[in-house]
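Starting from the known structure of chain A, arrange chains B, C, D, E, F, G and H with the ligands on it as the hints suggest.
Protein chains in written order, with the numbering used here: chain A, 1 to 211; chain B, 1 to 211; chain C, 1 to 211; chain D, 1 to 211; chain E, 1 to 211; chain F, 1 to 211; chain G, 1 to 211; chain H, 1 to 211.
These are computed hints drawn from the structure, not numbers from a lab. On a predicted model such as this, the values are computed, not experimentally measured, just so you know. Ideal Cβ positions, reconstructed from N, Cα and C, are used throughout, including at glycine. Fair warning: there could be bad hints in the mix.
Said to hold, decoys possible - Computed spacing ranges between beta-carbons, pair by pair:
| # | chain 1 | residue 1 | chain 2 | residue 2 | range |
| --- | --- | --- | --- | --- | --- |
| 1 | F | D17 | B | E12 | 24 to 34 Å |
| 2 | C | R62 | H | T88 | 28 to 38 Å |
| 3 | H | H120 | G | E15 | 35 to 45 Å |
| 4 | F | E61 | D | E28 | 51 to 61 Å |
| 5 | C | G71 | E | K70 | 52 to 62 Å |
| 6 | G | A41 | C | L56 | 49 to 59 Å |
| 7 | G | A41 | E | H77 | 40 to 50 Å |
There are 8 protein chains.
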Amino acid sequence: MRCGIPEVVLAEGKETDDLVAIMLRHTEVAGRCLATRVSPAQAAAVEAAAGKAGLLSRHEERAKIIVLSKGGAPEKHEGVVAVLTAGTADIRVAEEARVIAEEMGCTVKTAYDVGAAGVHRLFPALQDLAGAHVYVVAAGREGTLPAVVAGLVDKPVIGVPVSTGYGYMGGGEAALASMLQSCSVLTVVNIDAGFVAGAHAAQIAALARRA
Amino acid sequence: MRCGIPEVVLAEGKETDDLVAIMLRHTEVAGRCLATRVSPAQAAAVEAAAGKAGLLSRHEERAKIIVLSKGGAPEKHEGVVAVLTAGTADIRVAEEARVIAEEMGCTVKTAYDVGAAGVHRLFPALQDLAGAHVYVVAAGREGTLPAVVAGLVDKPVIGVPVSTGYGYMGGGEAALASMLQSCSVLTVVNIDAGFVAGAHAAQIAALARRA
Amino acid sequence: MRCGIPEVVLAEGKETDDLVAIMLRHTEVAGRCLATRVSPAQAAAVEAAAGKAGLLSRHEERAKIIVLSKGGAPEKHEGVVAVLTAGTADIRVAEEARVIAEEMGCTVKTAYDVGAAGVHRLFPALQDLAGAHVYVVAAGREGTLPAVVAGLVDKPVIGVPVSTGYGYMGGGEAALASMLQSCSVLTVVNIDAGFVAGAHAAQIAALARRA
Amino acid sequence: MRCGIPEVVLAEGKETDDLVAIMLRHTEVAGRCLATRVSPAQAAAVEAAAGKAGLLSRHEERAKIIVLSKGGAPEKHEGVVAVLTAGTADIRVAEEARVIAEEMGCTVKTAYDVGAAGVHRLFPALQDLAGAHVYVVAAGREGTLPAVVAGLVDKPVIGVPVSTGYGYMGGGEAALASMLQSCSVLTVVNIDAGFVAGAHAAQIAALARRA
Amino acid sequence: MRCGIPEVVLAEGKETDDLVAIMLRHTEVAGRCLATRVSPAQAAAVEAAAGKAGLLSRHEERAKIIVLSKGGAPEKHEGVVAVLTAGTADIRVAEEARVIAEEMGCTVKTAYDVGAAGVHRLFPALQDLAGAHVYVVAAGREGTLPAVVAGLVDKPVIGVPVSTGYGYMGGGEAALASMLQSCSVLTVVNIDAGFVAGAHAAQIAALARRA
Amino acid sequence: MRCGIPEVVLAEGKETDDLVAIMLRHTEVAGRCLATRVSPAQAAAVEAAAGKAGLLSRHEERAKIIVLSKGGAPEKHEGVVAVLTAGTADIRVAEEARVIAEEMGCTVKTAYDVGAAGVHRLFPALQDLAGAHVYVVAAGREGTLPAVVAGLVDKPVIGVPVSTGYGYMGGGEAALASMLQSCSVLTVVNIDAGFVAGAHAAQIAALARRA
Amino acid sequence: MRCGIPEVVLAEGKETDDLVAIMLRHTEVAGRCLATRVSPAQAAAVEAAAGKAGLLSRHEERAKIIVLSKGGAPEKHEGVVAVLTAGTADIRVAEEARVIAEEMGCTVKTAYDVGAAGVHRLFPALQDLAGAHVYVVAAGREGTLPAVVAGLVDKPVIGVPVSTGYGYMGGGEAALASMLQSCSVLTVVNIDAGFVAGAHAAQIAALARRA
Amino acid sequence: MRCGIPEVVLAEGKETDDLVAIMLRHTEVAGRCLATRVSPAQAAAVEAAAGKAGLLSRHEERAKIIVLSKGGAPEKHEGVVAVLTAGTADIRVAEEARVIAEEMGCTVKTAYDVGAAGVHRLFPALQDLAGAHVYVVAAGREGTLPAVVAGLVDKPVIGVPVSTGYGYMGGGEAALASMLQSCSVLTVVNIDAGFVAGAHAAQIAALARRA
Ligand SMILES: Nc1ncnc2c1ncn2[C@@H]1O[C@H](COP(=O)(O)O)[C@@H](O)[C@H]1O
Ligand SMILES: Nc1ncnc2c1ncn2[C@@H]1O[C@H](COP(=O)(O)O)[C@@H](O)[C@H]1O
Ligand SMILES: Nc1ncnc2c1ncn2[C@@H]1O[C@H](COP(=O)(O)O)[C@@H](O)[C@H]1O
Ligand SMILES: Nc1ncnc2c1ncn2[C@@H]1O[C@H](COP(=O)(O)O)[C@@H](O)[C@H]1O
Ligand SMILES: [Mg+2]
Ligand SMILES: [Mg+2]
Ligand SMILES: [Mg+2]
Ligand SMILES: [Mg+2]
Ligand SMILES: [Mg+2]
Ligand SMILES: [Mg+2]
Ligand SMILES: [Mg+2]
Ligand SMILES: [Mg+2]
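If we strip away everything but chain A, and leave its shape as in the complex, we get:
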């Protein structure tokens, strides 16, 4: 595990056979391996191979992640990560963040689709998430939810621009720009980069553990 982050393979664009081989090899060496952006067919093939090899597998469909391991769930620590989305279209990206953070030992609490509907859903959501050490907030179109959250909590907030929207800068660029220009204190990852946000959040939450 380099820098506390598990081996991660990008499944997209890889031949299924190659993906299976790479994952088995990594799991052999490191005890644990993730693939992101797996298609259902790729996931099925990996699960079958894992079964034959006596490895455990975890397939998260919405997150499009599959995890192979020798020994099941990773060791838990006290770090808590909150993951929020503005709309439903952002959930696929948020789920990627959730699974990677869990695989790095965090407890993850989620509150999805709390942005479009207005503040009346956001306030109770934030109360449910109280106790989190760090917030990952995914939002598309104008991407303002991360700044709103950062104005309400005193913990670090990471914004994830999502490639929803249409027209001018509609592929996530408007969301990226508005997060970078925000008057609130927040950091940002690439458009749709749920994996990076989740791993970074887990590194932050791990600080709570060690101290």
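Only chains B, C, D, E, F, G and H with the ligands this time, still in chain A's reference frame:
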């Protein structure tokens, strides 16, 4: 007055002599003429020439507008325009909107610098502005205030992106993009185009008068 | 009805089952719900479900909108919205504006394909539309029709850039840019955002009612 | 004279001494030489040197062009070029086109500032320009005048985007984009490239001469 | 025929039935009608309908143009247009220019694929094209052929950027930019806009006729 | 102190008198106030006013920050922030991060100019910084240092793109893009946004304290 | 062989019959011809035609190149080219470089997928490649490997940006920008332009031969 | 000397005192140090300090480079670099390439201003440069000279885009794009990056030496 909008001259980039001559001629024909983006020196020259010609002048410094007329203030009607800004850097643009709307016969109410400080200043501001027929909201950096206002009032809202901010899309482009991508219902004008927003708002407010 | 705008769901990218469920729930609570960008298959499923649930449905094919309601057409007021297009490719976007404005109680008059053919078709069209309180004008490619209309009428004009055209800035960006830079007084919405233009226009037209 | 176009030197960014030397040498060889974008100081130095060398000079201030020649005005032919501008800020660019076309033997007729004021000034202008073989039309901001002219005349029209305007694509890019996307038939040159438009128009007008 | 340019319909994106109806109506009124960017299926339907209606049709496959007329070929005049391409991928765009220029009465001479192979193919090609009144030059990737041609002939040259190439600005933008920045005298049309270049060239060539 | 972040005023573009007044008022209410991007003249005026008002002031020249407070240094906790720069041009941005993190109670360790000189300076620098809870890494031009650091430490890393460089994307855009695309796990702030990076890092480091 | 580079045909977008005919003709004249970006079907057709015509063929699948020749492998010289990739997605581009360099007489040594895994794989790879006269380094996403290599070897390094990655500048633009901004000494080719990099490297390596 | 390239300091933006100190220190350690982009004042201060320290200095004004050394000119080898420019505005960038290549032991031959004047100046220039091992070609505006040269010589060619030109992509971007899209084989450096091109060319020319 073409389409209900007074003659307007862009002073920026014009020789002072030319500006004076154009404004005197327009006022002669149309009874009233505005210049936007006037420098202090240009304004002084126009005021002096107006005095000699027996015309009335109104110089709004922060708005950088000067108005010449034969007969003083324009005829008032019942239309009310609200003008808001997120920060102090947006005021110069908002003032341009205010003056043009007043010159088109509207009552204008303002609430400046209500964005950065958070919701606690926005709510009382909106109460003060109650009764307005249309809202002009100027904001730079991530430009989210117009969408917030549009989610709280049931009248038309016009967003004005302002060229504050730095770095990526820091010349008002991030604000423009986020307003165009907004999930709220609002329309937008060019970056720093306070004049267009004010004149459009005045056309809207005039509907309240006529009915 | 938040801010006078009915519940609106973006059908694009949603599972048909989810769409049906969301719309039934919203209609239950609010009495009325719209979905935009519905595919024919989605529309058929929604209509079938509405029938079973004893709800009324209205499917506008060119607008790609479906409306569910408990009680049929919305209450009409005196506000009149005019919707124009430059070409035929802009009609799909204009229709989205028309339907939402109707659903917000306005009378809508349309004049489509009056730009390319030149001024000889525009003048009679504007005469037919006389009495409108606000103009929505959709145009692609160089996007100049909104500015032309704004130079001829004394009511507020909203430009809608449409993603027709090819080559340099051919996805609606040239139209957006030319509307923002226009010397005429007009406001703008995102590329293809007929919904936003129609809802904003309806908010404006509603002023005529109340006064 | 390569391809019928006189020797042209870009004065901007050149040392005055170098400019003088280059122009004297070119005039010696080719009988005639132009410099564009000359500062007043550069023009004065060139004129002084021309006087000493027994050469004729022509300094056009608004065009910022200086011409040296052994034998005065170029030979005239029957070709007629029309040059129009939408506003006053476009005149400096239009003048560059006018002078180069004259130096290539054309008669040039101009009609400046006929765009902003609306159609009532354009129609009489076009009547004055009747008989022209080609039209050069300079326009900034949304840059629509060339397309309007092209819809009214049956001769070739060349659009020149001008770098006026502010905000989004306000350095002439919006004008360039709208001219390239135009439904009318017109060709385009670079932003502020009055020289290219004028020389190209003169090549066109020369066809009328030869036939 | 508005401004000497025949009625032209953009077939792309139109229903076949609508296309047929529009073309029949236009031909009825104007005697002649073109459609550009027609698919093979659209062309077949238009040809069949033309046959039934007793109209003449001309289908140019590589140009993707179909022409309907009451009276066959247009009246010829003395104007000659030259059309060149740098590579083979540019031919589809060049053919569009050729057909429209022919439909406007010009003789058109072509020289295709003379750029990539180097100067040894270009010089004989230019000799074959001698006598042309105007040159249309289509080029993708870096788009330098128009400037090369403009440096060798003394007639007007129109550059057409073509959307070939890949990578940075590989959709024709690099070609557009290099043509606009060219030190040679040439004008430009939109990427892939063979129609505009051909119609503009025909307007130029028509000057040779009249004189 | 909203969300644990002290009151911060952006001095750039503010009148000196306004700046002084705002800072005195904020310090009165909150006990502490920072201004960023202060000019030397602004700083001198603030310091003078603070002296008269019996307030303590801290002026950090390279960071261009001035701090007013009633009670001197903020309360320290155990959190440790590391701040690195690739070159010397990045130091002004890094210093902004350092001062804000100190004002939020952190210990800050710095290692400047460790990128250009190659890995041989980076390794000892990272050893000096061992024990830090979070790393802020500022880099211009191609902006690769944050990714290199993130590959070597197991703590969260925040990249700050700096507006050094020239040519293509030379205003910090290349650095921003390369950080967002990085295969390493890191989050990013706006170009030159040292303040945001420092405040976010301090929020992270504060987790170490509380646990 | 123009400039020492063999005849090269871009297969993409060409009809199979045309491709076969062009390649046979070129091979007839020049003794040797390459096609890049060939589909499997195109390659099969070319190979079949080559067999009938008594020509030798070489099909490199991952490089998507097919070579026809009268006399087999090109004459070898002492020049050695090294080709490296950061990841596996870059191999298709690197292979294009490898094959063209071999066809120009070079020995090519490769080291693929040495970037993502970190420095521990790069150092042994560079030792294996010792003796190379020039390095071609392909990398996508943030594209930093070429700069790292250029900091470790004293031979010329050519960077090839690859169109992998997603989100902001994810089509190879971030890699292109970071290579152009690099503090290391390296030159760059277009995104995915393995052919250009390989041919340029072969021209460099040929210098070692001649001296 | 890292990778055969001398220590280089970017003077632009550095305090004169700092520059002097850095250069003296580097020269002490490495025997030789360059600074690029030095102002006349900076150069004078460095020369004075060098005199006092008993070091040799070489100030190249047009290149804006100053070199300090213990032992005078670098050791020469057989490598020959050719440096060409299209226009006079490109010379400042070309000179930067020339001086760095000389400092790396190459003989440099130059041919400046051979592009705009057409092929008749280029051919004799290339004959004068015969025997060069590598060509550096600087060009602004449309940037086509590097491709022309690459079509005429069989040695490696490096294109340097220069930030001359105005209007659309007029800051060197058009030149960069056209070089990257070129059908000829050439590599590219950043806009105005004469230093990188010269150092890379010197690395290539050094191959001729060693063989
Ligand atoms: N065609 C459309 N254009 C712009 N906004 C829309 C459109 N359709 C729905 N919306 C808005 O998009 C937001 C998210 O919609 P939904 O995800 O469906 O709940 C809501 O605020 C809707 O009012
Ligand atoms: N250097 C800086 N970078 C980013 N944001 C800042 C900076 N300095 C102040 N701010 C924030 O900018 C917003 C507007 O500041 P002001 O206009 O001074 O009230 C406040 O929310 C500040 O926290
Ligand atoms: N993969 C490639 N990348 C860049 N240039 C290529 C490639 N393949 C062929 N070319 C060049 O593209 C130009 C046009 O190729 P063609 O159209 O096939 O004659 C020729 O100069 C070829 O050398
Ligand atoms: N004109 C220049 N263009 C590109 N890189 C340069 C230039 N001058 C210096 N450099 C490089 O920039 C890096 C940082 O320079 P410095 O900040 O002066 O240490 C060093 O690796 C230098 O080799
Ligand atoms: Mg917060
Ligand atoms: Mg509202
Ligand atoms: Mg109007
Ligand atoms: Mg016309
Ligand atoms: Mg010519
Ligand atoms: Mg790490
Ligand atoms: Mg090196
Ligand atoms: Mg060559």
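Beta-carbon spacing of G/A41 to E/H77 - inside the hinted bounds 40 to 50 Å or not: holds (48 Å)
Range hint 49 to 59 Å (beta carbons of G/A41 and C/L56) holds or violated: holds (55 Å)
Status of the given 35 to 45 Å range, CB of G/E15 versus CB of H/H120: holds (41 Å)
Range agreement (Cβ of E/K70 with Cβ of C/G71, hint 52 to 62 Å): This hint holds: roughly 56 Å between Cβ atoms.
Range hint 51 to 61 Å (beta carbons of F/E61 and D/E28) holds or violated: holds (59 Å)
Whether the CB-CB distance between C/R62 and H/T88 falls inside 28 to 38 Å: violated (60 Å)
Hint check for B/E12 and F/D17 - Cβ pair distance inside 24 to 34 Å: holds (27 Å)
Violated hints amount to a single one, hint 2; each of the other numbered hints is respected by the structure.
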